[in-house]
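Got chain A sorted already, so can you dock chain B onto it with the hints?
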Amino acid sequence: MKIEDSKKIYDSIEIPPELDLVVKNAISKSSRKRAVYIRRKMLMRKFFRGLTVTAAGLVVCTTVALNTIPAFATEMAKLPVIGAIAKVLTVRAVHGVEENMYNVDMDVPNVVMESSSNVANTEFTEKINSEIEKTVNDYRAQAEKDFEEYKKAFFETGGTEEEWNNRKMDIIIDYDVKSQNGNILSFELVTSKGWVASNEERHYYNLNLDTDKEITLKDLLGDDYINICNESIKKQIEQRMAEDENNLYFGFGGDDTMQEAGFKTISDDTPFYINENGNPVIVFEKYEIAPGYMGYQEFEITK
Amino acid sequence: MEKDLYDLTVSCILEHQEKFYKLAYSYVRNKESALDIVQNSICTALEKCYTIKNPQAIKTWLYKIIINEALQHIKASKNEAPTDETLPEQSYNEPYFDKNMEVYEAVQNLSEPVRTVIILHYYEDLTIKQIAETTNTNPNTVKTRLYSGLSKLENKLSKEAFA
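In order, the protein sequences belong to chains A and B. For the first sequence, counting from 1, position 183 maps to 183 in this note's numbering; every step adds exactly one. Every number in this note's numbering is 1000 more than the matching position in the second sequence, counting from 1.
Warning: the hint list may mix true and false statements.
Lysine-lysine pairs mimicking DSSO-like chemistry, simulated, CA-CA at most 27 Å apart [as the list claims (entries may be wrong)]: (1) B:Lys1053 with B:Lys1031; (2) A:Lys152 with B:Lys1048; (3) B:Lys1064 with A:Lys152; (4) A:Lys8 with A:Lys134; (5) A:Lys7 with B:Lys1019; (6) B:Lys1048 with A:Lys168; (7) A:Lys168 with B:Lys1129; (8) A:Lys286 with B:Lys1048; (9) A:Lys234 with A:Lys264; (10) B:Lys1143 with B:Lys1019; (11) B:Lys1156 with A:Lys8; (12) A:Lys178 with A:Lys286; (13) A:Lys24 with A:Lys235; (14) A:Lys168 with A:Lys33; (15) B:Lys1053 with A:Lys29; (16) A:Lys7 with B:Lys1143; (17) A:Lys152 with B:Lys1152; (18) A:Lys24 with B:Lys1064; (19) B:Lys1075 with B:Lys1031; (20) A:Lys235 with A:Lys178; (21) B:Lys1099 with B:Lys1156; (22) A:Lys8 with B:Lys1059; (23) A:Lys127 with A:Lys178; (24) A:Lys151 with B:Lys1053; (25) B:Lys1075 with A:Lys286; (26) B:Lys1064 with A:Lys168; (27) A:Lys152 with A:Lys24; (28) B:Lys1019 with B:Lys1152; (29) B:Lys1059 with A:Lys24; (30) A:Lys24 with B:Lys1156; (31) A:Lys151 with B:Lys1143; (32) B:Lys1129 with A:Lys2; (33) A:Lys7 with B:Lys1156; (34) A:Lys145 with A:Lys134; (35) A:Lys33 with B:Lys1059.
These are calculated hints, taken from the structure and not from any lab test.
Chain A on its own, in the form it takes in the complex (with noise of 0.2 Å):
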């Protein structure tokens, strides 16, 4: 038996056209910043343990002081300030291992009202906050229960102590704001879980604080909206297939195989945020409307 031989038959993987654009995108999308970025949060992180161990509780202490002293959150948040009406700042940050099993990096965010001398919640920022909070527990509980899961199938499909070597799970809460526009606010949670790679969710926030309910894509567009997004979707899905044929969509392009999971319609529970020109940009997550390689997929609808 020659098992080199066989080697041919791997060698004979045919390598498809598409890889060089995968790699590069995935290259463009991970640049140095981002890399710099995450090396210094982790050098932080990295700091703030050194800090628990000299004045042990500290970390625990700031974490409560800025979920009680909304003042104290203000200060130690140096976090955009977005407008005069509401911020978005992190209410919640706790950054390090836990139980030697958790790459905790988690910023919470909240949305904080703010008047001229104090800062104040409304019934809806309340709600909206308290939401914030239920997803990010529930998004921690359902990562550790994967993560035990996976530990225990490890060892008892043969891996060894040397072999988990520590591994550890990432946990990342991040938000991002995307717009502010007078009463219209409008933001995105990112949390996102992983060992090696990570799996993503996106939600998204669109309030608008002097009516205090959230903000459709029907209050943007009219009544029609479900109509002006689809063929704006459509005619830009058209768009970037022409301009590179490396762009896929399901269904698209005279592909009939994955027609049923192409993109069809929008819904009322599509989400979406408004950008800068306040426009809403709808966001199909990877996997949805086109193949795990092009990732999310944003669409800008102008008005």
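What follows is chain B alone, placed relative to chain A:
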């Protein structure tokens, strides 16, 4: 001037992207999944490139990420039976192709972690030391797995020959 870890990682990825794809493909045997694995692995690698302690070992470190990612992918979709969709058909004309295919299949059917060791050693030409780095084990464990894999393959293939 010393090259930055980010640049080193990028050039290593560009240089070996086809190897990474093949390795990923050999686990999932499906083009889309293999591309996903390569993409996710690159993102992970670049995000963590500043944690690399030994710039000499970037390639084995990248292999490690690909393998972890591939195993994670398999776990997530374990109900779907893998099928090779793009192995070139013209190769069937080559003499001994069937025999080679049989060995290749037998390798694919080995259980983890033995299969990884065999693939890295025989298909990716990694040394025992490099495999140890890739799989977080010591060289003796790698040797044990290599021998155990070889004897399993011998058993299986000779049994089939007599069947």
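Status of each hint after checking the structure:
For the proposed pair Lys1053 of chain B and Lys1031 of chain B, the alpha carbon gap of about 32 Å is over 27 Å, so the pair is violated. For the hint pairing Lys152 of chain A with Lys1048 of chain B, the CA-to-CA distance comes to about 26 Å; that is within 27 Å, so the pair holds. With a CA separation close to 21 Å, the supplied pair Lys1064 of chain B and Lys152 of chain A stays within the 27 Å bound. In summary, the hint linking Lys8 of chain A to Lys134 of chain A is not supported, as the alpha carbons are separated by about 53 Å, beyond the 27 Å threshold.
With a CA separation close to 13 Å, the supplied pair Lys7 of chain A and Lys1019 of chain B stays within the 27 Å bound. Only pairs whose Cα atoms come within 27 Å are accepted, and Lys1048 of chain B paired with Lys168 of chain A is accepted, the gap being roughly 14 Å. For the suggested pair Lys168 of chain A and Lys1129 of chain B, the alpha carbons sit about 24 Å apart, so the restraint of at most 27 Å is met. Distance restraint check for Lys286 of chain A and Lys1048 of chain B: the Cα-Cα separation of roughly 22 Å lies within the 27 Å cut-off, and the hinted pair is therefore satisfied.
Annotation: proposed proximity of Lys234 of chain A to Lys264 of chain A holds, straight-line Cα distance about 9 Å (limit 27 Å). Taking the CA atoms of Lys1143 of chain B and Lys1019 of chain B, the gap is near 23 Å; set against the 27 Å cutoff, the hint holds. Restraint check for Lys1156 of chain B and Lys8 of chain A: the C-alpha separation of about 20 Å stays at or below 27 Å, so the hint holds. For the proposed pair Lys178 of chain A and Lys286 of chain A, the alpha carbon gap of about 20 Å is at most 27 Å, so the pair holds.
Using a Cα cut-off of 27 Å, the hinted pair Lys24 of chain A and Lys235 of chain A holds, with the two alpha carbons roughly 25 Å apart. The suggested pairing of Lys168 of chain A with Lys33 of chain A holds, with an alpha-carbon distance near 24 Å, which does not exceed 27 Å. For the hint linking Lys1053 of chain B to Lys29 of chain A, the alpha-carbon distance of about 23 Å falls within 27 Å, and the restraint holds. About 20 Å separates the Cα atoms of Lys7 of chain A and Lys1143 of chain B, which keeps this hinted pair within 27 Å; it holds.
Under the criterion of a C-alpha separation no larger than 27 Å, the hint pairing Lys152 of chain A with Lys1152 of chain B is consistent with the structure, at around 26 Å. Pair hint Lys24 of chain A plus Lys1064 of chain B holds up; C-alpha atoms about 20 Å apart against a cutoff of 27 Å. With a CA separation close to 17 Å, the supplied pair Lys1075 of chain B and Lys1031 of chain B stays within the 27 Å bound. The suggested pairing of Lys235 of chain A with Lys178 of chain A holds, with an alpha-carbon distance near 24 Å, which does not exceed 27 Å.
At roughly 13 Å between alpha-carbon atoms, Lys1099 of chain B and Lys1156 of chain B fall within 27 Å of each other, so this suggested pair holds. Among the hinted pairs, Lys8 of chain A with Lys1059 of chain B is consistent with the structure: their alpha-carbon atoms are about 22 Å apart, no more than 27 Å. A distance of roughly 20 Å separates the Cα atoms of Lys127 of chain A and Lys178 of chain A; the hinted pair therefore holds under the 27 Å criterion. Distance restraint check for Lys151 of chain A and Lys1053 of chain B: the Cα-Cα separation of roughly 26 Å lies within the 27 Å cut-off, and the hinted pair is therefore satisfied.
The straight-line distance between the Cα atoms of Lys1075 of chain B and Lys286 of chain A is roughly 19 Å, inside the 27 Å bound, and the hint therefore holds. For the suggested pair Lys1064 of chain B and Lys168 of chain A, the alpha carbons sit about 15 Å apart, so the restraint of at most 27 Å is met. Our distance criterion of 27 Å between C-alpha atoms is broken by Lys152 of chain A and Lys24 of chain A, whose separation comes to about 36 Å. Among the hinted pairs, Lys1019 of chain B with Lys1152 of chain B is consistent with the structure: their alpha-carbon atoms are about 26 Å apart, no more than 27 Å.
Pair hint Lys1059 of chain B plus Lys24 of chain A holds up; C-alpha atoms about 18 Å apart against a cutoff of 27 Å. Only pairs whose Cα atoms come within 27 Å are accepted, and Lys24 of chain A paired with Lys1156 of chain B is rejected, the gap being roughly 42 Å. Restraint check: the Cα-Cα separation between Lys151 of chain A and Lys1143 of chain B comes to about 25 Å, which is no more than 27 Å; the hinted pair holds. For a cut-off of 27 Å, the pair hint linking Lys1129 of chain B to Lys2 of chain A stands: about 23 Å separates their Cα positions.
As the CA atoms of Lys7 of chain A and Lys1156 of chain B are separated by approximately 18 Å, the hinted pair is consistent with the 27 Å bound. For a cut-off of 27 Å, the pair hint linking Lys145 of chain A to Lys134 of chain A stands: about 16 Å separates their Cα positions. Of the pairs offered as hints, the one joining Lys33 of chain A and Lys1059 of chain B holds, with about 22 Å between alpha carbons and a cut-off of 27 Å not exceeded.
Going through the hint list in order, the structure does not satisfy hints 1, 4, 27, 30.
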